[in-house]
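Sequences and hints are given; from them, build the entire structure.
Residue numbers (my numbering), protein chains in the order written: chain R, 3 to 178; chain B, 29 to 673; chain S, 375 to 526.
Hints listed in this document are in silico derivations from the structure and should not be mistaken for laboratory results.
All clues given are correct.
Straight-line alpha carbon distances no greater than 25 Å define the calculated DMTMM-like cross-link-like pairs of lysine to aspartate or glutamate that follow: (1) R/K4 <-> S/E503; (2) S/K410 <-> B/E474; (3) S/K410 <-> B/D552; (4) R/K107 <-> R/D58.
Please read these numbers as outputs of a predicted model, since none were measured by experiment.
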Amino acid sequence: MKNSLPLILFFLLVTLLGVGLTLDPREVPSPYIGKAAPNFNLPKLYASTDSISLEDMKGKVWLLNVWASWCSACRSEHQVINRLVKNNQINVIGLNYKDDAEQAKQWLANLGNPYVSVAVDRDGRTGIDWGVYGVPETFVIDKKGIIRYKNIGPVTQQSINDTILPLIIELEQETS
Amino acid sequence: MIPEIGHAALIIALVLAVIQALIPLAGAQLGKTRWINLATPVAQGQLLFVGLAYACLTYSFLVNDFSVRYVASTSNTALPLLYKISGVWGAHEGSLLLWALLLSSWTVVVSIYSSSIPKIMLARVISVMGMVSVGFISFMLFTSSPFVRLFPAPVDGRSLNPLLQDPGLAIHPPMLYMGYVGFSVAFAFSIAAMIDGKLDAAWARWVRPWTNIAWVFLTLGIALGSWWAYYELGWGGWWFWDPVENASLMPWLVGTALIHSLAVTEKRAAFKSWTVLLAIFAFSLSLLGMFLVRSGVLTSVHAFATDPARGVFILVFLIIVVGGSLVLYAWRAPLLRSVGQFSMVSRETGLLLNNVILATMAGTVLLGTLYPLVLDAMGVGKISVGPPYFNQVMVWLAVPLYLLMGFGFFVRWKKDSVSRLSRKAIIPLAVSLVIAILLPLLFAPEQHWLTFIGLISASWVALTALLWLLNSNTSPFKLPLSTWGAVIAHLGMAVTVTGITLTSMYSHEKDVRLAPGEFYEIGDYQFKLIGVKEVRRDNYVAYQGLVEASEAGKHLVILHPEKRTYSQSSMPMTEAAIDAGLFRDLFVALGEPLGGGSWSLRIYHKPFVRWIWMGALIMSFGGLLAAMDKRYRRREKNKVEVVSQ
Amino acid sequence: MKNWIYILLLLVSPLHLQAAIETYQFEQAEHEQLYKQMIEELRCLVCQNQNLSASNAGLAKDLRQQTYEMVSEGQTQAQIVDYMTQRYGDFVLYRPPVKSSTALLWFGPFILLFVGILVLIQTLRARKELADKPLSDEQHDHIKHLLDDGEK
Numbered sequence: 003m004k005n006s007l008p009l010i011l012f013f014l015l016v017t018l019l020g021v022g023l024t025l026d027p028r029e030v031p032s033p034y035i036g037k038a039a040p041n042f043n044l045p046k047l048y049a050s051t052d053s054i055s056l057e058d059m060k061g062k063v064w065l066l067n068v069w070a071s072w073c074s075a076c077r078s079e080h081q082v083i084n085r086l087v088k089n090n091q092i093n094v095i096g097l098n099y100k101d102d103a104e105q106a107k108q109w110l111a112n113l114g115n116p117y118v119s120v121a122v123d124r125d126g127r128t129g130i131d132w133g134v135y136g137v138p139e140t141f142v143i144d145k146k147g148i149i150r151y152k153n154i155g156p157v158t159q160q161s162i163n164d165t166i167l168p169l170i171i172e173l174e175q176e177t178s
Numbered sequence: 029m030i031p032e033i034g035h036a037a038l039i040i041a042l043v044l045a046v047i048q049a050l051i052p053l054a055g056a057q058l059g060k061t062r063w064i065n066l067a068t069p070v071a072q073g074q075l076l077f078v079g080l081a082y083a084c085l086t087y088s089f090l091v092n093d094f095s096v097r098y099v100a101s102t103s104n105t106a107l108p109l110l111y112k113i114s115g116v117w118g119a120h121e122g123s124l125l126l127w128a129l130l131l132s133s134w135t136v137v138v139s140i141y142s143s144s145i146p147k148i149m150l151a152r153v154i155s156v157m158g159m160v161s162v163g164f165i166s167f168m169l170f171t172s173s174p175f176v177r178l179f180p181a182p183v184d185g186r187s188l189n190p191l192l193q194d195p196g197l198a199i200h201p202p203m204l205y206m207g208y209v210g211f212s213v214a215f216a217f218s219i220a221a222m223i224d225g226k227l228d229a230a231w232a233r234w235v236r237p238w239t240n241i242a243w244v245f246l247t248l249g250i251a252l253g254s255w256w257a258y259y260e261l262g263w264g265g266w267w268f269w270d271p272v273e274n275a276s277l278m279p280w281l282v283g284t285a286l287i288h289s290l291a292v293t294e295k296r297a298a299f300k301s302w303t304v305l306l307a308i309f310a311f312s313l314s315l316l317g318m319f320l321v322r323s324g325v326l327t328s329v330h331a332f333a334t335d336p337a338r339g340v341f342i343l344v345f346l347i348i349v350v351g352g353s354l355v356l357y358a359w360r361a362p363l364l365r366s367v368g369q370f371s372m373v374s375r376e377t378g379l380l381l382n383n384v385i386l387a388t389m390a391g392t393v394l395l396g397t398l399y400p401l402v403l404d405a406m407g408v409g410k411i412s413v414g415p416p417y418f419n420q421v422m423v424w425l426a427v428p429l430y431l432l433m434g435f436g437f438f439v440r441w442k443k444d445s446v447s448r449l450s451r452k453a454i455i456p457l458a459v460s461l462v463i464a465i466l467l468p469l470l471f472a473p474e475q476h477w478l479t480f481i482g483l484i485s486a487s488w489v490a491l492t493a494l495l496w497l498l499n500s501n502t503s504p505f506k507l508p509l510s511t512w513g514a515v516i517a518h519l520g521m522a523v524t525v526t527g528i529t530l531t532s533m534y535s536h537e538k539d540v541r542l543a544p545g546e547f548y549e550i551g552d553y554q555f556k557l558i559g560v561k562e563v564r565r566d567n568y569v570a571y572q573g574l575v576e577a578s579e580a581g582k583h584l585v586i587l588h589p590e591k592r593t594y595s596q597s598s599m600p601m602t603e604a605a606i607d608a609g610l611f612r613d614l615f616v617a618l619g620e621p622l623g624g625g626s627w628s629l630r631i632y633h634k635p636f637v638r639w640i641w642m643g644a645l646i647m648s649f650g651g652l653l654a655a656m657d658k659r660y661r662r663r664e665k666n667k668v669e670v671v672s673q
Numbered sequence: 375m376k377n378w379i380y381i382l383l384l385l386v387s388p389l390h391l392q393a394a395i396e397t398y399q400f401e402q403a404e405h406e407q408l409y410k411q412m413i414e415e416l417r418c419l420v421c422q423n424q425n426l427s428a429s430n431a432g433l434a435k436d437l438r439q440q441t442y443e444m445v446s447e448g449q450t451q452a453q454i455v456d457y458m459t460q461r462y463g464d465f466v467l468y469r470p471p472v473k474s475s476t477a478l479l480w481f482g483p484f485i486l487l488f489v490g491i492l493v494l495i496q497t498l499r500a501r502k503e504l505a506d507k508p509l510s511d512e513q514h515d516h517i518k519h520l521l522d523d524g525e526k
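Here it is, written out as structure tokens:
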């Protein structure tokens with residue numbers, strides 16, 4: 003019945019909008035999932051003449067946590083990461099994003115330093131290379147250097163328990 | 029105390045709205061005259077109490093009552109009076125109250141100017157509008173009350189976003205809402221007709237003026253938004269295809285199709301089910317727009333504080349109102365069949381085609397706006413659909429529309445011939461061709477086929493509209509207002525598309541670094557930076573640049589672009605300086621100090637940009653004239669009062 | 375999650391929708407043209423309702439700088455688009471790419487128009503048929519009745 007066509011189309015529209023209410027239009031998924039992590043070679047925060055690169059982490063399962071001292075959401079997240087590293091011996095590299103070195107060191111002194119190393123991305127170029135668009139963000143990278151997961155926004159205990167930790171355990175089983 | 033009175037008033041208004049929604053409608057079905065006659069007084073009562081609630085909220089703003097959470101988050105003691113008044117509708121809760129107020133006002137006005145409408149139909153119309161009122165008032169009472177208190181009350185409010193502290197922006201929402209709400213009248217009449225099971229030319233005559241007026245307000249509201257964005261946001265743009273802009277454009281496109289469809293229903297008793305469907309769509313799109321802006325489903329620069337819970341409420345409301353009306357349509361549309369006949373080449377066909385194109389344009393805007401959501405919902409990924417898409421696609425749809433507009437005036441009702449139309453078209457077409465080719469050659473720095481398309485469309489529509497005035501056998505001054513209205517509205521469309529074409533093709537923009545004394549040239553214009561100084565006002569401090577603009581060496585004006593820092597926020601805001609002109613705007617925005625007294629500046633030359641909004645004003649004037657046509661103001665006594673079985 | 379967004383918003387204050395003014399110099403006019411076009415067609419990921427040209431966000435500034443460098447090196451539009459989508463996905467493009475998932479988007483309007491015109495032609499034909507159909511005896515009587523009544 004062609005007079006019912008508008009009703010049917012409306013019904014489809016409403017279904018779409020209903021689904022839309024459960025989604026977040028602001029979230030930008032990473033195109034890197036399943037792809038090789040972009041290379042980087044950055045000075046370390048605590049030893050500025052030394053550098054750390056993607057190569058250094060080959061063969062390991064690790065997290066890249068993008069943070070900055072000016073980011074207040076990073077504060078709440080930091081305790082979760084501290085706990086994660088303490089309880090599970092996970093490798094986490096910090097990417098200090100567009101920050102001041104002294105303030106960054108101070109911040110870590112106050113809140114604790116769970117990082118294997120902290121790479122300094124002063125101008126944010128590496129962040130752009132990784133598709134970072136906000137702080138904090140955390141990536142999970144496997145032994146082959148492939149990005150397997152991106153956590154947009156602060157990691158919560160929930161996301162650790164539900165997604166990140168199980169993934170890390172699974173990735174540890176893989177060969178390099 | 030006052031906020032509590034306001035809150036109580038809303039509750040009473042809701043009760044009245046429920047009565048308004050149910051009793052007259054039932055009365056019309058059951059033939060109870062008493063219940064039918066209740067419609068008008070109850071609607072008036074509802075207006076009284078919604079008005080009281082609105083007054084209470086305004087009062088709270090005016091006395092700086094920051095114990096009201098809405099006032100605290102939207103206002104501030106230092107805020108100028110105008111923005112305390114307009115701040116009432118500056119955010120979600122208050123804007124809903126404005127919607128409700130305008131809706132009940134329209135309802136009462138319709139009830140007053142209804143002497144020629146049978147009481148049964150009027151009762152149904154008022155009831156349907158009452159149902160919409162119930163929706164809005166309950167939305168407020170259950171999820172978004174403007175009267176929620178804040179304890180402890182802050183000493184001062186957070187203040188209105190400086191961007192919103194502007195007269196143009198103050199008036200833009202009320203104009204838009206007058207349009208959105210106005211379409212509920214045609215909607216209500218359509219529901220009434222479907223319940224009745226019949227619809228005739230008289231019905232169309234009742235509905236047309238209300239719809240034209242709603243269309244006028246919506247046109248003005250959209251134009252105001254565009255104009256405001258242009259001078260306030262500082263990047264020379266006037267339309268960004270942002271979801272909320274699209275949310276206002278869609279009802280406008282469908283509303284335009286509706287006013288044309290109504291014309292046919294009135295004159296030829298044809299297009300009945302199309303008209304009803306368009307009326308449902310126009311209002312539905314208004315409500316959909318409200319959903320999109322307030323639910324958080326799409327990101328928008330206009331979005332009110334979004335909240336999925338509110339989104340659910342509006343969605344349910346949409347389902348009831350729109351779903352209900354479409355169910356009614358599916359069931360009753362067959363009763364509205366028009367049997368008038370017309371040939372393939374006729375004004376009827378032309379208007380139908382016109383409506384197909386307008387509906388396609390509205391559908392396209394909807395498609396582009398919702399497509400990212402579709403892909404996301406299907407898990408396919410995230411994309412963005414922005415100006416490059418819309419600009420490209422809409423141009424292709426607008427061209428046939430303008431072509432058709434030209435024929436609109438002289439194609440005959442019922443039956444016409446291609447040969448007659450070709451004869452009529454030759455002169456305006458030829459002149460348009462000359463205009464579109466010659467003018468750019470003579471005046472424009474470069475040629476482009478898009479300029480040609482824009483200019484030929486504009487001239488074609490303008491010339492055919494003017495020819496219609498001169499061509500008919502009567503003197504133009506004896507023609508009815510509705511004809512004048514149509515001619516002027518079409519002229520407005522021509523003016524707008526000229527503005528759009530010329531400003532899109534020939535604008536020039538440059539970011540420059542200037543030290544005091546240095547200048548930059550665009551064509552014949554020269555912009556010299558004299559200097560930058562500091563100024564202080566009530567609620568901001570600013571750097572004010574002095575830029576001298578001259579044309580061909582002759583001094584024109586000193587422009588004062590500013591970079592303001594409002595006391596409420598630490599982020600600086602650019603206030604561009606514009607030298608507005610009929611044929612071009614000169615636009616300067618201040619950037620950053622670059623050291624040594626130099627500053628970065630953005631300089632624009634925007635030819636014909638004002639024509640975009642002038643065209644909208646002209647269109648609105650045309651719509652207004654059409655609504656004032658004598659035949660709507662004839663006070664006909666009801667010949668037959670039929671109480672239905 | 376929400377907090378993180380709010381932090382971002384507070385810091386870059388997208389409510390102040392001000393054009394960011396940068397005075398880049400270009401060696402060739404085409405470069406400047408391409409730059410302007412690109413920053414208008416790329417979406418800001420922070421102030422997500424602005425393009426890179428209008429946004430004041432830190433990331434937008436960085437991406438404009440990046441775009442400027444790529445344009446000055448002589449990279450083409452396709453290369454720049456590639457660079458951006460590699461890092462941020464199709465979301466960063468205001469001009470949606472033409473692929474199978476967006477076919478409906480790009481061709482939709484014309485399909486809609488086409489369908490609309492088809493429906494129009496159908497309606498006209500059906501109307502003609504209806505009008506051409508001779509009246510039944512019943513309908514004849516009905517009309518006669520009405521006409522007779524009207525003459526009273």
